[in-house]
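Engineer: Chain order of the listed sequences is Z and C. To convert, note that position 177 of the first sequence is 177 in my numbering; the numbers rise steadily by one, no gaps. To convert, note that position 289 of the second sequence is 510 in my numbering; the numbers rise steadily by one, no gaps.
For the record, the hints were derived by calculation from the structure and aren't laboratory data. Incorrect hints may have been included.
[To be verified] Straight-line alpha carbon distances no greater than 20 angstroms define the calculated SDA-like cross-link-like pairs of lysine to any residue that follow:
hint, chain 1, residue 1, chain 2, residue 2
1, Z, LYS75, C, SER531
2, Z, LYS99, C, SER531
3, C, LYS234, Z, LYS75
4, C, LYS234, Z, ASP97
5, Z, LYS136, C, ASN232
6, Z, LYS99, C, LYS233
7, Z, LYS75, C, SER431
8, C, LYS233, Z, ALA140
9, Z, LYS116, C, MET222
[Stated by the list, open to error] These stretches of chain Z come out as covered by chain C in the derived footprint (C-beta under 8 angstroms, 3 or more residues):
hint, region
10, 52 to 58
11, 71 to 82
12, 98 to 111
For clarity, every value in this text was computed on a predicted model and none was experimentally measured. Where a beta carbon is used, it is the ideal one built from N, C-alpha and C, also for glycine.
Listed below, chain by chain, are the residues.
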Amino acid sequence: MIRLQDIEKVYRTDTVETLALSSISLDIAKGEFLSIMGPSGCGKSTLLNIMGLLDAPTKGDIRIDDQKTVRLSDKQLAQFRNKKLGFIFQSYHLINDLKVLDNVELPMLYRSSTAKERTQLATEALRKVGLSNRVKHFPAQLSGGQKQRVAIARAIVGKPEIILADEPTGNLDSAMGNEIMDILLQLNKTEGTTIVMVTHDENMARKTHRLVRLFDGSQVQ
Amino acid sequence: MFRHLFTLIWNKKKQNFLLITEMLISFLVVFAVFTLVVFNYRNYRKPMGLEYENVWVVNYNNTLKTTNADSVMLFYEGLKQIIKSMPQVREVSYTSANIPFTQNSMMNGLDYKGKHINPNYCQSDEEYKNVLQIKMKEGRWFGKEDMNVSKRPIVINSTMKEQLFGKESATGKLIGDSKDLKIIGVIDDVKMKGDYTDAGAWLYVKIDTSSMPGIGRILVSVVPGTDAAFESRLYKTIANTMKDSNIEIEHLTNKLKDINYFALVPMIILSIVAGFLIINVALGLFGVLWYNINKRRSEIGLRRAIGATSGSVSAQLVSEALILATLSLIAGSFFAIQFPLLNVFDLPAGVYLTALALSVVFIYILVLICSLYPGRQAAAIYPAVALHED
Numbered sequence: 001m002i003r004l005q006d007i008e009k010v011y012r013t014d015t016v017e018t019l020a021l022s023s024i025s026l027d028i029a030k031g032e033f034l035s036i037m038g039p040s041g042c043g044k045s046t047l048l049n050i051m052g053l054l055d056a057p058t059k060g061d062i063r064i065d066d067q068k069t070v071r072l073s074d075k076q077l078a079q080f081r082n083k084k085l086g087f088i089f090q091s092y093h094l095i096n097d098l099k100v101l102d103n104v105e106l107p108m109l110y111r112s113s114t115a116k117e118r119t120q121l122a123t124e125a126l127r128k129v130g131l132s133n134r135v136k137h138f139p140a141q142l143s144g145g146q147k148q149r150v151a152i153a154r155a156i157v158g159k160p161e162i163i164l165a166d167e168p169t170g171n172l173d174s175a176m177g178n179e180i181m182d183i184l185l186q187l188n189k190t191e192g193t194t195i196v197m198v199t200h201d202e203n204m205a206r207k208t209h210r211l212v213r214l215f216d217g218s219q220v221q
Numbered sequence: 222m223f224r225h226l227f228t229l230i231w232n233k234k235k236q237n238f239l240l241i242t243e244m245l246i247s248f249l250v251v252f253a254v255f256t257l258v259v260f261n262y263r264n265y266r267k268p269m270g271l272e273y274e275n276v277w278v279v280n281y282n283n284t285l286k287t288t289n290a291d292s293v294m295l296f297y298e299g300l301k302q303i304i305k306s307m308p309q310v311r312e313v314s315y316t317s318a319n320i321p322f323t324q325n326s327m328m329n330g331l332d333y334k335g336k337h338i339n340p341n342y343c344q345s346d347e348e349y350k351n352v353l354q355i356k357m358k359e360g361r362w363f364g365k366e367d368m369n370v371s372k373r374p375i376v377i378n379s380t381m382k383e384q385l386f387g388k389e390s391a392t393g394k395l396i397g398d399s400k401d402l403k404i405i406g407v408i409d410d411v412k413m414k415g416d417y418t419d420a421g422a423w424l425y426v427k428i429d430t431s432s433m434p435g436i437g438r439i440l441v442s443v444v445p446g447t448d449a450a451f452e453s454r455l456y457k458t459i460a461n462t463m464k465d466s467n468i469e470i471e472h473l474t475n476k477l478k479d480i481n482y483f484a485l486v487p488m489i490i491l492s493i494v495a496g497f498l499i500i501n502v503a504l505g506l507f508g509v510l511w512y513n514i515n516k517r518r519s520e521i522g523l524r525r526a527i528g529a530t531s532g533s534v535s536a537q538l539v540s541e542a543l544i545l546a547t548l549s550l551i552a553g554s555f556f557a558i559q560f561p562l563l564n565v566f567d568l569p570a571g572v573y574l575t576a577l578a579l580s581v582v583f584i585y586i587l588v589l590i591c592s593l594y595p596g597r598q599a600a601a602i603y604p605a606v607a608l609h610e611d
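Construct the complete structure from the given sequences, taking the supplied hints into account.
Structural biologist: See below:
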C-alpha cells in the first residue's frame, strides 16, 4: 500500500544543514496497522508528513497504491490527499468557528459532492465515533477525547484507504487515549483501513500490527 | 463552498462586524464622491449653449441724475449706439446682473397647473441672444413687436419647458399667478453657472431701459483678436458717457475659469477626504486579512492536508473578503438607493445609479487588491510546518 524507498530528508538554512531522515525504506501492506516510535526529534512526524505528501523528501521514492507520488503537481497532490489519505493530529486541528458537523464535512468540500451527501456522510462518520449527539456543538464545547473523535470522523468521512495519525492520544489521559485507540483498531478491523500511527506510548504501539522505531532519523527496528 | 464560507463568516460575525462597518462607511463616502463626480461630468459633457469667447462684460453703477423714463431710455440707447459704432464691436446687449458665469441669482417661485418651480429671472434685451449666440428651440426671441403688449412676453429655456409642459410646445402659453406672462419662445439650455453645473430653469424677460433698476451689466461681443488697447478705448468711451461711474470690464472666459474652480472645490475637498479614508480602509483591510492569515495558519495547514490546493486556499481568503464586502455593499446600497427614491438634492436618478454602480465596483476592486497579497501569502504556507506549529 505504501512503499518508501531510501527516503532522505535534509532541512537547510543559510548556515545549517540538518539531516532529519536518512535512508528510510519501508513497506506497509494494505490493511496493516503500523506504529512509529522514537524519541522526540528523531523524525517520526517528518516521516509521517512525507507519507502524507505534506512534505517532500530530499531524496528517495514514495509509492502509494503503486502510484509514484514524487513528481505530482500541487493539484494532483491535493486530490491524492483528499481521496486516499485521512489525517489525525495530536492537537486535533479543528476549526473552532465551525460546528462539529461542518468540521467533519470539510474534506468533502474539496470533492464534487452535494450538501445533502456531505451531511449524510458526516453524520455517518460521527455515528461511527459515537458523537451523533454533538453535531451542533462547537469544538470549544467538547472535551479533548470528543475533539479527537471529531478529528477521526473528519479523517474517515471521505472513506480514505490510509489514515495517518500523529500522536492521536498524546493530549489525552489514558482512559480517553484507550477509547481513541479502540476506535482506530475498530476502523482497521472492520473497514480494512491502513493506519500509520506515530506514538510515544509503548502500550498503544503494542496494540498495532507492527512497530517501527526511529533514532536520529534512521530506522533502528 | 460558498455556503461553507457564509457559515464561517456568520459564525465569526462579531469579528467581522467592524470590518463590514468600515467597508460600509467607505462605500458611503465613495458614493458621495462619485455622485458629485458623475453629476459634474454629466454637466461637463453637455453643450455650453452659448458663445463666451470674445464676449466682454461691462460692470457699471448708474450715476444718472434724472429719473425721467424717456431720458433714461434715450441715454441707454445712445450709449449702446456709441459702443456698437466701434469697429471691433459686433453686438451689444443690456442685461441684469445674473450674467453667465457669476453666482448672482434672481429667483422667484412660479406655479403652473399644480407644479411649482423656482426659475432664475434674467432681464435682457433684443440683442442678448445674438451676443451670446443662443439657439432657439421653438418660437422667437424678443423683438420690436413686443412693445406695448398686454401680456408680458417671456422666453424660457428647455429645462423650464420640460418641467412645466413636458413634451408639449410651450410657445403661446400663459403662465404666472394671473396668467400675465406669455411664452414667446424656448431656447436651448445654457450652462449659465459654468461647465460643471446644470442649466436649471431660466426665464428671460425683456429689459426695460427706461427704469433704473435691474440694469448694471453690458455684454459686448467683439471680433476675435481684439486687444487690450481696444479694451482701454472702450473703457474711456463708456467712462466719458457715464460720468462718475465705476466701470469694470471683464472677459467671460476668465469668469468661466473662476466659476469652474468654485464648482470643483467641494469635489476636490471631498476627494481628498475620501482618499485619506480609502487609504486608511485599505491599510486596515490589509492588516486585518494579514492578521487573520497568521491566526489561521493551523486552519490553512489543515485545509491543505485534506485536499485544498494552494490556489483554493488563496481563493478562499479572497472570497471571504469579497463576501464581507458584498454584505457591506448590500447595506450601503440600501442607504444609497434612498437618494433617488426620496429625490434628495434634486439630482437626476441616473446620477445616483451611476455613482452607486461605480462605488460598488470601486469597493470590490479595493477589497480584491487588499486581499490578493495576503491570499497569496496564505497559499505559500507550507502545510507540514503550519500543522506542526499548533
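Engineer: All hints are to be evaluated individually against the structure, with a verdict given for each.
Structural biologist: Comparing the hints with the structure gives:
Between LYS75/Z and SER531/C the alpha-carbon distance is near 8 angstroms, which keeps this suggested pair within the 20 angstroms criterion. Distance check on the hinted pair: LYS99/Z and SER531/C sit about 24 angstroms apart at the alpha-carbon level, beyond 20 angstroms; violated. Proximity of LYS234/C to LYS75/Z is assessed by CA-CA distance (about 32 angstroms); at most 20 angstroms being required, the pair is judged violated. Restraint check for LYS234/C and ASP97/Z: satisfied, since their Cα atoms lie roughly 10 angstroms apart, inside the 20 angstroms limit.
Under the criterion of a C-alpha separation no larger than 20 angstroms, the hint pairing LYS136/Z with ASN232/C is consistent with the structure, at around 12 angstroms. With a C-alpha separation of about 12 angstroms, the suggested pairing of LYS99/Z with LYS233/C holds against the 20 angstroms cut-off. Restraint check for LYS75/Z and SER431/C: the C-alpha separation of about 90 angstroms exceeds 20 angstroms, so the hint is violated. The straight-line distance between the Cα atoms of LYS233/C and ALA140/Z is roughly 14 angstroms, inside the 20 angstroms bound, and the hint therefore holds.
Taken as a hint, the LYS116/Z and MET222/C pair is honoured in the structure, with Cα atoms around 13 angstroms apart against an allowance of 20 angstroms. With 3 residues having a Cβ less than 8 angstroms from any Cβ of chain C, the region 52 to 58 of chain Z passes the three-residue criterion, so the hint holds. Three residues within the 8 angstroms Cβ limit are the bar, and the region 71 to 82 of chain Z against chain C gives 6, so the coverage statement holds. Coverage of the region 98 to 111 of chain Z by chain C holds. Counting CB-CB distances below 8 angstroms, 9 residues qualify, and the rule asks for three or more.
Comparing the model with each numbered hint stated earlier shows that hints 2, 3, 7 do not hold.
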